[in-house]
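Protein chains in written order, with my numbering: chain A, 1 to 183; chain B, 1 to 183.
Keep in mind that the hints are not guaranteed to be accurate.
To be verified - Here chain A is said to cover these stretches of chain B; the calculated rule only asks that three of the stretch's residues, wherever they fall, bring their Cβ under 8 Å from a Cβ of chain A: (1) 33 to 44; (2) 73 to 82.
What the hints assert, rightly or not - Straight-line alpha carbon distances no greater than 25 Å define the calculated SDA-like cross-link-like pairs of lysine to any residue that follow: (3) B/K2 x A/N38; (4) B/K2 x A/G8; (5) A/K2 x B/G75.
What the hints assert, rightly or not - Non-contacting residues of chain A with respect to chain B, defined by C-beta distances greater than 10 Å in every case (computed): (6) G63; (7) Q123; (8) A126; (9) L131; (10) F136; (11) E137; (12) E138; (13) L166.
I should point out that these hints are in silico values taken from the structure, not numbers from a laboratory.
All C-beta atoms in this analysis are idealised placements derived from N, C-alpha and C, irrespective of residue type, glycine included.
There are 2 protein chains.
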Amino acid sequence: MKFCSHCGNPVIQRIPEGDSRVRFVCDHCQTIHYQNPNIVAGCLPVWGTKVLLCRRAIEPRLGFWTLPAGFMENGETVEQAARRETDEEACATVNNLSLYMMIDVPHISQVHVFYRAELANLQFAAGIESLEVQLFEEADIPWSELAFPTVSRTLECYYADRITQLYPVRSEALPPSRGIKKT
Amino acid sequence: MKFCSHCGNPVIQRIPEGDSRVRFVCDHCQTIHYQNPNIVAGCLPVWGTKVLLCRRAIEPRLGFWTLPAGFMENGETVEQAARRETDEEACATVNNLSLYMMIDVPHISQVHVFYRAELANLQFAAGIESLEVQLFEEADIPWSELAFPTVSRTLECYYADRITQLYPVRSEALPPSRGIKKT
Numbered sequence: 001m002k003f004c005s006h007c008g009n010p011v012i013q014r015i016p017e018g019d020s021r022v023r024f025v026c027d028h029c030q031t032i033h034y035q036n037p038n039i040v041a042g043c044l045p046v047w048g049t050k051v052l053l054c055r056r057a058i059e060p061r062l063g064f065w066t067l068p069a070g071f072m073e074n075g076e077t078v079e080q081a082a083r084r085e086t087d088e089e090a091c092a093t094v095n096n097l098s099l100y101m102m103i104d105v106p107h108i109s110q111v112h113v114f115y116r117a118e119l120a121n122l123q124f125a126a127g128i129e130s131l132e133v134q135l136f137e138e139a140d141i142p143w144s145e146l147a148f149p150t151v152s153r154t155l156e157c158y159y160a161d162r163i164t165q166l167y168p169v170r171s172e173a174l175p176p177s178r179g180i181k182k183t
Numbered sequence: 001m002k003f004c005s006h007c008g009n010p011v012i013q014r015i016p017e018g019d020s021r022v023r024f025v026c027d028h029c030q031t032i033h034y035q036n037p038n039i040v041a042g043c044l045p046v047w048g049t050k051v052l053l054c055r056r057a058i059e060p061r062l063g064f065w066t067l068p069a070g071f072m073e074n075g076e077t078v079e080q081a082a083r084r085e086t087d088e089e090a091c092a093t094v095n096n097l098s099l100y101m102m103i104d105v106p107h108i109s110q111v112h113v114f115y116r117a118e119l120a121n122l123q124f125a126a127g128i129e130s131l132e133v134q135l136f137e138e139a140d141i142p143w144s145e146l147a148f149p150t151v152s153r154t155l156e157c158y159y160a161d162r163i164t165q166l167y168p169v170r171s172e173a174l175p176p177s178r179g180i181k182k183t
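Only chain A is shown next, with the shape it has when bound in the complex (with noise of 0.2 Å):
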């Protein structure tokens, strides 16, 4: 941020008085801008005993599969925005969504929402961001080539879980648990 989004003079940046962090402000006329963490939100679209997954037809991590998922836009509720990245990037359907991860990635400012969802029939195709989108058995998921840790993780706590069929929401930060070994 260079310049004041609201009048067009440049920005400095200093602690706003009574605040203790430093922020883009424009001491012309006295707005100061303040940048937020953003939520990315995504399904994990279940099929019988298949997971769906997305290859990337854009960067970053092009070619690699992820879960269905992307920013949360504003007026939406974080379970639209599941929803409708499920529909973009996969052009399907899902129901029954129940609230299953919230990871922190605190190094990029994000928060990752994963729902749990049941994918209403096998009407899927790849949307413009994504270059195929097909159905995995466990044996099948291809882990050294998903996108994203959160993608990994989430996978990871959904196959642990369905041993037991009782899945807690959970709630974590990366990166501690990147390194966990699957068993």
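Since the structure of chain A is already known, use the hints to place chain B on it.
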């Protein structure tokens, strides 16, 4: 937003190519300025049968009671934000935070996240944004003087769940549950 924060030229509102939503776009430097929801993180600090509330010293809702909560900052986890806000608003230390409520407030593009937490000790005091901080028994909660519907809703759920001592993580949106009657 009137000016590009990157180059200082005026922005316009249009749907960028490949997008489906109106964004602020700078046709001078081609920057697209996305605007996304914010996370408000807070705690429900418990001491035995009592809950800690803060009376707000700032707008909005000056003079009304709230759970300690505020905007999550870049570089934090949601839990760190909840802990920091509890320290800032109530000068209180909390332990054993458990994710409890994720409440969408889509009309103002916010997601409110509350943790149940144990107050570490009886050392608390009004922070700079609070007029007073006080422990309340359920019978004394100032329901008609609570600052925000997400605070009311979180307390309603807490007292309902306290009967069974089971506190499932809840995910819901305002306003559908706003009119819920306390039983």
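Results for each hint:
For the region 33 to 44 of chain B, the proposed coverage by chain A is satisfied: 7 residues have a C-beta within less than 8 Å of a C-beta in that chain, meeting the threshold of three. Only residues whose beta carbon comes within less than 8 Å of a beta carbon in chain A count, and the region 73 to 82 of chain B has 8; three or more means the coverage holds. With a C-alpha separation of about 22 Å, the suggested pairing of B/K2 with A/N38 holds against the 25 Å cut-off. For a cut-off of 25 Å, the pair hint linking B/K2 to A/G8 stands: about 8 Å separates their Cα positions.
The suggested pairing of A/K2 with B/G75 holds, with an alpha-carbon distance near 21 Å, which does not exceed 25 Å. Taking the minimum C-beta to C-beta distance to chain B, about 19 Å, the non-interface status of A/G63 holds against the 10 Å cut. The beta carbon of A/Q123 sits about 21 Å from the closest Cβ of chain B, which is more than 10 Å, so the claim that it is off the interface holds. The claim that A/A126 is not at the interface with chain B holds, since no C-beta of that chain comes within 10 Å of its own (minimum 15 Å).
Every CB of chain B is more than 10 Å from the CB of A/L131 (nearest about 16 Å), matching its label as outside the interface. No Cβ of chain B approaches the Cβ of A/F136 within 10 Å, the least distance being about 26 Å, so the stated non-interface status holds. With a cut of 10 Å on Cβ distances, A/E137 stays outside the contact zone with chain B, its closest approach being about 29 Å. Against the 10 Å criterion, A/E138 stays outside the reach of chain B, whose nearest CB is about 25 Å from its own CB.
No Cβ of chain B comes within 10 Å of the Cβ of A/L166; the nearest lies about 12 Å off, and the non-interface call holds.
Violation of the numbered hints given earlier is absent; every hint is satisfied by the structure.
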